[in-house]
Amino acid sequence: MFWRLFFAVFAAFAPVVGGYCAAVEGPHAVSETARLTNVFYPEKLAAIDQTILQAITNKETPGGVLWLERQGVVYVKSYGYRALIPAKELATVDTIYDAASLTKVLATAPAIMILVERGQL
Numbered sequence: 001m002f003w004r005l006f007f008a009v010f011a012a013f014a015p016v017v018g019g020y021c022a023a024v025e026g027p028h029a030v031s032e033t034a035r036l037t038n039v040f041y042p043e044k045l046a047a048i049d050q051t052i053l054q055a056i057t058n059k060e061t062p063g064g065v066l067w068l069e070r071q072g073v074v075y076v077k078s079y080g081y082r083a084l085i086p087a088k089e090l091a092t093v094d095t096i097y098d099a100a101s102l103t104k105v106l107a108t109a110p111a112i113m114i115l116v117e118r119g120q121l
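Residue 33 in my numbering is what sits at position 33 of the sequence shown, and the numbering runs on without skipping anything.
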């Protein structure tokens with residue numbers, strides 16, 4: 001119950017925090033294909049890629065960076081934009097995002113729900 005509500009609250013606020021933009025075509029990744037296919041499943045990476053691009057197309061987020069590490073191999077790819085105002089800037093693999101005011105969503109809301117479930121609130 002708690003986690004279902006937690007993810008529902010997080011999903012509700014993600015578009016507000018993320019903003020909006022159009023999808024950017026073409027990869028912005030730095031990778032070694034041979035090493036990647038030995039560590040990561042290409043079909044899984046493709047599914048993740050499509051999910052992120054669909055979120056950008058649906059204007060659920062302006063962009064982001066996917067960073068996976070396994071067995072010493074790093075897979076990094078950027079998507080969309082890192083800034084929309086004052087000018088659009090493409091996301092890069094070294095983009096660092098500010099978590100902004102996510103404490104309310106990621107900490108306070110779940111803490112309140114725990115208290116509600118315990119009957120303390």
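I should point out that these hints are in silico values taken from the structure, not numbers from a laboratory.
A quick note: this is a predicted structure, and the numbers were derived from the prediction, not measured.
All C-beta atoms in this analysis are idealised placements derived from N, C-alpha and C, irrespective of residue type, glycine included.
Check before you lean on any hint, since a few could be wrong.
To be verified - Here are the simulated lysine-lysine pairs, DSS-like style, with alpha carbons at most 27 Å apart:
#1 88 to 59
#2 44 to 77
#3 104 to 59
#4 77 to 88
#5 77 to 59
#6 59 to 44
Said to hold, decoys possible - Derived DEER-like restraints, expressed as beta-carbon distance ranges:
#7 88 to 47: 44 to 52 Å
#8 70 to 90: 40 to 48 Å
#9 44 to 112: 34 to 42 Å
#10 97 to 71: 24 to 32 Å
#11 84 to 44: 39 to 47 Å
#12 104 to 50: 42 to 50 Å
#13 121 to 37: 47 to 55 Å
#14 71 to 50: 45 to 53 Å
#15 114 to 37: 21 to 29 Å
#16 94 to 38: 21 to 29 Å
#17 108 to 85: 23 to 31 Å
#18 37 to 97: 22 to 30 Å
#19 121 to 94: 38 to 46 Å
### Message
Given a hint of 22 to 30 Å, does the C-beta separation of residue 37 and residue 97 actually sit inside it?
### Response
Holds - the Cβ-Cβ distance for residue 37 and residue 97, about 29 Å, lies within 22 to 30 Å.
### Query
Between residue 70 and residue 90, does the beta-carbon spacing fit 40 to 48 Å?
violated (26 Å)
### Message
Hinted pair, alpha-carbon criterion (27 Å max): residue 44, residue 77. Please report holds or violated.
### Response
With Cα atoms ~14 Å apart, residue 44 and residue 77 stay inside 27 Å; holds.
### Query
Measuring from beta carbon to beta carbon, are residue 84 and residue 44 in 39 to 47 Å?
violated (30 Å)
#### Entry: Whether the CB-CB distance between residue 121 and residue 37 falls inside 47 to 55 Å
Distance hint for residue 121, residue 37 holds at roughly 50 Å.
### Task
Given the range 42 to 50 Å, decide if the beta-carbon distance of residue 104 to residue 50 lies inside it.
violated (31 Å)
### Message
Can you confirm whether the C-alpha distance between residue 104 and residue 59 stays at or below 27 Å?
### Response
holds (22 Å)
### Task
Could you see if the CB distance from residue 71 to residue 50 stays within 45 to 53 Å?
With a Cβ separation near 24 Å, residue 71 and residue 50 fall outside 45 to 53 Å, so the hint is violated.
#### Entry: CB-CB spacing for residue 71 and residue 97 relative to the 24 to 32 Å hint
Holds, since residue 97 and residue 71 (Cβ atoms, about 26 Å apart) stay within the stated range.
### Task
With respect to the beta-carbon atoms only, verify the hint that residue 88 and residue 47 lie 44 to 52 Å apart.
With Cβ atoms ~27 Å apart, the hint is violated.
### Restraint status (C-alpha distance of residue 88 to residue 59 at most 27 Å)
Given pair residue 88, residue 59 holds - Cα atoms ~15 Å apart, limit 27 Å.
### Message
Hint check: residue 77 vs residue 59, CA-CA at most 27 Å. Holds or violated?
### Response
Distance ~19 Å between residue 77 and residue 59 Cα, so the pair holds.
Violated hints for the displayed structure, listed by number in ascending order: 7, 8, 11, 12, 14 and 15.
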